[in-house]
Each structure stands twice: as C-alpha cells, then as structure tokens.
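Trainee: Heads up: the protein sequence lines correspond to chains V and U, in order.
Anchor point for the first sequence: position 38 equals 496 in the numbering used here, and the numbering is continuous, going up by one each time.
Anchor point for the second sequence: position 80 equals 81 in the numbering used here, and the numbering is continuous, going up by one each time.
Honestly, the hints are just simulated from the structure, not real lab data.
It is possible that some hints are incorrect.
Below, simulated SDA-like cross-link-like pairs (lysine to any residue); rule was C-alpha separation at most 25 Å, straight line [to be verified]:
(1) K305/U x H395/U
(2) K112/U x R578/V
(3) K539/V x E573/V
(4) K579/V x E292/U
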Amino acid sequence: MSRESFLARVRAAAGAGRAHRVFAADKPLPPISPSRTAAADLVAQMAAEVNQVGGHSHVVPDAPAAARVLAELLEQSAATKALCWRDPLLARIGLAELLHERGVQLLDYDALLREPVEGRKPLILAAEIGISGAAWAVAETGTLAMASGPGRERLASLAPPLHVAVIEARQIVPDLFALFAHYEVDALPSNLTLITGPSKTGDIEMELTTGVHGPGQWHVIIVAGALQ
Amino acid sequence: MPASDYSRQTHHEFEAASRQALANASLQLALGNLGQTLGRRNRDAFAAFPDSDAQRDRARQIKDATLAELDRHLETLETSVVRRGGHVHYADDGDAACRIALEIIQARGAKHVVKSKSMTSEEIHLNHALEAAGVEVVETDFGEYIIQVAGHRPSHIVAPALHLRLRDITEILSRDAGRPLPAEAESLAAYARQRLRGAFEAAEVGITGANFAVAETGSIVLISNEGNARLTSSLPPVQIAIMGMEKVIPRLADLPVFLNVLARAATGQKLSIYTSVITGPRAADELDGPEEFHLIILDNGRSKILAGPLRESLFCIRCGACLNACPVYRTVGGHAYGGVYSGPIGAVLTPLYDGLSANRHLPHASSLCGACQAACPVRIAIPEMLITLREQLHHDPANTGRLESLAYRLWAAVIGHPRLYALATWLATRTIGRLVRKRWLRRLPGPLAGWTAARDFPAPAPRRFRDWWHEEQA
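Go ahead and model the full structure; you've got the sequences and the hints to work with.
Mentor: This is how it looks when you write it as structure tokens:
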C-alpha cells in the first residue's frame, strides 16, 4: 500500500530530521500580546480598515438607516437580480420588501431551490448584486468572516460585481486570534471565507486593478446601535 | 512542458541567461522597482506590526515542531478530512500525483478543468500530464492565465507574470481574444474576467493548491487576492487540492499566526483579500461548493530533505518575499534560475528537489548578503543553506575540477604552515605586487581566468603587512 509506505518513509525522515531541529523540543512558544483595541473602538476601527482596503463602510445607528443605505446602493447598481443570504439581520431590515418595491428579483435559498438544478448556476452567475450578512468581522484587518451553509451561499459574496454585507457591532472581534477562538474544531462550516476588500490583482506591472474575478465593489454596512 | 525543458541548466547556461536578462531592456523595466514596491511593502508592513518578531518566531517554531512529527500530523489530517466526507491520496512523487488527479478526473468523465495558482502543481508539471491525456486545463489566476496563453513559465512565486510589461500583456491577450484590446490594465482584467467566467461555468473539476492544511479540522486553506481560488473551489462539482506534505499545521489556533505573517511578507497587506478555510465537500443541504473533495498529499523528495541538514527549507510558506529582497533576483528575474522556484529559496529548493549536480549553478546565484533571511516571514536561514549546498558540491568529485581541487589543497597547505605562508607572501609581493602596481587584477591568466570573468581580483600589495608591522615596531 502506498499509504503505509508513504507514512513509514515520513516517520523515518521526521525522526532523522530531529537531529536538525532549530529549536529545543520543549521550548515554549513566544507569547503574543492580545490586541489592545477596546470594545467601544471596534466599530470605528472596522469602518476605517474597510475603507483602507478599498471597500466602503457605512456606520448606521439602526435597521431603518441600514435599509436606506441598502436602497441607495440598489438604485445605484441598477441591479435586476440579487443573490441574497437568508439571514435574520437582512430579514429585520426588510430586504425582501426593498427588492420587491424596486422590481429586483430575489434569488435566495428558497427561490433557487424552486428552480431546476441545471438552471441554478446561470441564475446565480447573472446576479448583479450579492447581499449577505456575515458570521463575524475582524476590526484589525477590516475583514468579514463568511461561514457557508444552507441560505449562506458562498457565491453571494463572490460571483456578482457588487457585494454588500450587513453586520451588527456585536459581531466585530479585535483580531484573527479572537476570530478563530470562536470556532470549535469539530464544527467548522464546509467553507469559512475571510474577505478583506474588493477583488484585486497586481499582475500587470504591480498596478492594483480591482474586480478581476470577485466583486470590484465591496460595501459593509455596520449597524452600530442595538437592534430591537 | 516536460521537466527537461526547464529544470536542468548548467553553470554556463545560468551565466548566459543572466547576461541575456541584463541585456533585455523590457525585462529590466519590468523588474525595475521590485525593491521599492513589493520589497518596501514587506518592510513597511512588518514595521507597522507591533508583534511581528514574536509572530514570526512562533510561526517558525510551529513549523519546526510540526516537522519533527510530520507523520503523526499527516495521519490526523487524513482522519479529519475523511470524517468530513473528503478523500485523501498519498503521492510519492510528481508522476503519482498527476496519475491520481487524472484518475479522479476521468472517473467523472470530465474534460474541462479550471485551476487556481499552485506552485506545487507547477513543480509536478500537472498541466502537461492532463493535457497529454486530452483534458483541457485553464489557469484562472490572471497572471497565470497570461503566461499560460503566452507559453511562458512563472517568473515569480506570487506574481507569475512579473517579467511582462503592459505592452507585452496587451499583445498576448489581444491574440487570445482575436481582436485588439486597449492597452490598459482595467480593460485587460475585464477581458480575462469574462473569458475565465466561461471556463468556470464549463469546468467539471477545479484544481487548487493549499497554502496550509489544518490537521485537527481536516481543512485546507486557500489564499488569493483575485477570488479565482474561491471560484475554483465553489463552482465545479469536484475539487482536487494538491499540497506538499510540509504544508500541514496541527491546530486551527496556529492559523492566525501564519495568516498574520504571510500577506505582510508577500504584498504588505495585513491580510490577502480572500482566505478560505475549506473543510470537506459541501453539506447535503448546501446549494454551492463541490460535491466531491480530494486532497493529494505530495512527497516528491520532501522526505529526503526532512531527514537532512536542509530540513529548514520545508518551513517555506511560498510568499515570494526573498525574491523581492534579493539583489540577484531583482537583476536577472526568475527565468534565469532555470527551475520552477526562483530567487533565493529557489536556489535552495531546486537543487534539493531536482538534484544538486544538475543545478550546480544555483547555490552560487547569490551574494550571500542575507536580505532574503531578513525578509522571510519564518526567518529561514537561506544564506547558510546555500553555503551548505556549496560545500556539498565541493565534496562531490564529479562537480570539482582536478585543477580546482589541487589549487585548494595547495592553498590549504600554504595557509596551514606559517613558514610556507611567509615565503608565498614574500614571493607575491616581490613579483606581482611590485611588477603590476595595480590594486585590482582585471584578468587572471590561463585556467584562473574563470575567477575574474565576473569580478576583479585584489592584487598583492607591494609590501607585506608583516614587513610594515616589523618596521613600525622597530
């Protein structure tokens, strides 16, 4: 069996290689100081970092204000199809009504399930806007953490040229260490994607070009106040 | 392209390739500002990151400890991937890995494959193997796509088309499009987006690399700025990930350290745009993501390296920082190195993977200035490794000329005997020192000419130090 011989070879090599270890086997890992950002500053830091990486942050006090920003973005984009998460926060800001009022077709989990399997991919790829929540956000880097699942399609934040995410202040954690501490080892979603900005490439003369594969426009609406 | 086309190169060819690179004005312009762009971004990002030293040390230490028990971590990884419904395959070498990938593709009756950038797949010449079996392979990283269309090989670990300028890329993509495209980055990117969306839609299999694999969760981690790695792992019904076996890290909690240093080192970003932690195929009730997930774990010479003194080269996380920092790379570019991996780390990896004798020029393609080690996010002692490789070359009689080894033995005898040394220096000062009266010899005669082909030789002084010293004392 190639598996057994593979692992036996690696076992022997790892053993022999221990003579060339760089550190003593019992040397403790160097401590890393935790991020010092106070909870109150997380919203401001998140908003600033999102802008820093080429996105647009919108800090709003409540759900109706979030709905107004979303409505404006929908109008600017002139989208006819929206690929959306089935998300409690999006429900509370009345996403379905917002889309309906503007004649935008809502493509969410339920709508897509009603389509024949072979018809789903073309529909998803035709959406001009993706609207999602997020599992968490990371203030230090301006990152959204997207956990996949039924109703939380990975393509919503990827396929359309414009992605809008709505999060609440309480979802923001200081840094990546705090983010991964929220995940149990045996309970990871099949896809956990961290998004830190609009899609970019530097492949032509190191000049930054946006939107080569993923969304070229990236908006993060942060609902700062407590939602009722 | 078969391996023989670009992995074996002689000393002489490296020199010729370097000279060509120096004379290539377009390449020089393309390389022009690397130290001031990517190189500077690396330095600025680490300077602005208060805990960077501790995090780099921690990343280095995790790699060191993981490699000491690599077999155990690979078994844990396998168990975790299988628990989450994925399949694990072990490949002893590149041919085995290509065969396994092809079997998976053919079992699905697939004809169209999309790929996101993977140096490991370059290392094993996967595209060549798949195309030979009649499978269409489309590279989806923008830079990789450009060089695939042009028939080039990557010249940089993270920026494969670094050797090309806007003018070249416009020409290459216009030919691909069958119509003239405007020479501006935005339009060219828009063309690639639209062209590659078609490939994504048609593909039955997506092939990715893996920046990391987390043993305890069975996850692979894919990092990209463009989003092509996400599309490759989300749209096609099958995902095949190929990883070198050294990419495994034990715990999910280890991941943030590596994420923190990787992007800063590569591009100066705090984090790359997209980082996906992929754990098995999609769940039954999910609408997107692959239905089938395969992980191919590749040895291809790594176990031999793991057992030896150059084991530290397996710490490499493929960020490209050492390339941007290296005065040699910045002058001659990636292609002159002749291997898939270029720059300082390539000068270590290629001889290790492909054989030292066949790549004897590489350990010498460095001034040993140490900029690579300073830029490395896991502080790999690249200069020391290059010296070790030079020593190995020297001890291999096949690689050392008779005359050279005689010269070194003579030198050792002279320098080991004070009287002989005194006599030799007396002779040198009385002959060359007084007759030539130059500080530098530009050309040495006969078989010594090789020494002065690329540098001057300091001429002996007209007076020995010891003579001056005695006079001063008197």
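Trainee: Compare the structure with each hint and give your call.
Mentor: Hint by hint, here is what the structure shows:
| no. | hint | verdict |
| --- | --- | --- |
| 1 | K305/U x H395/U | holds, 20 Å |
| 2 | K112/U x R578/V | holds, 22 Å |
| 3 | K539/V x E573/V | holds, 15 Å |
| 4 | K579/V x E292/U | holds, 14 Å |
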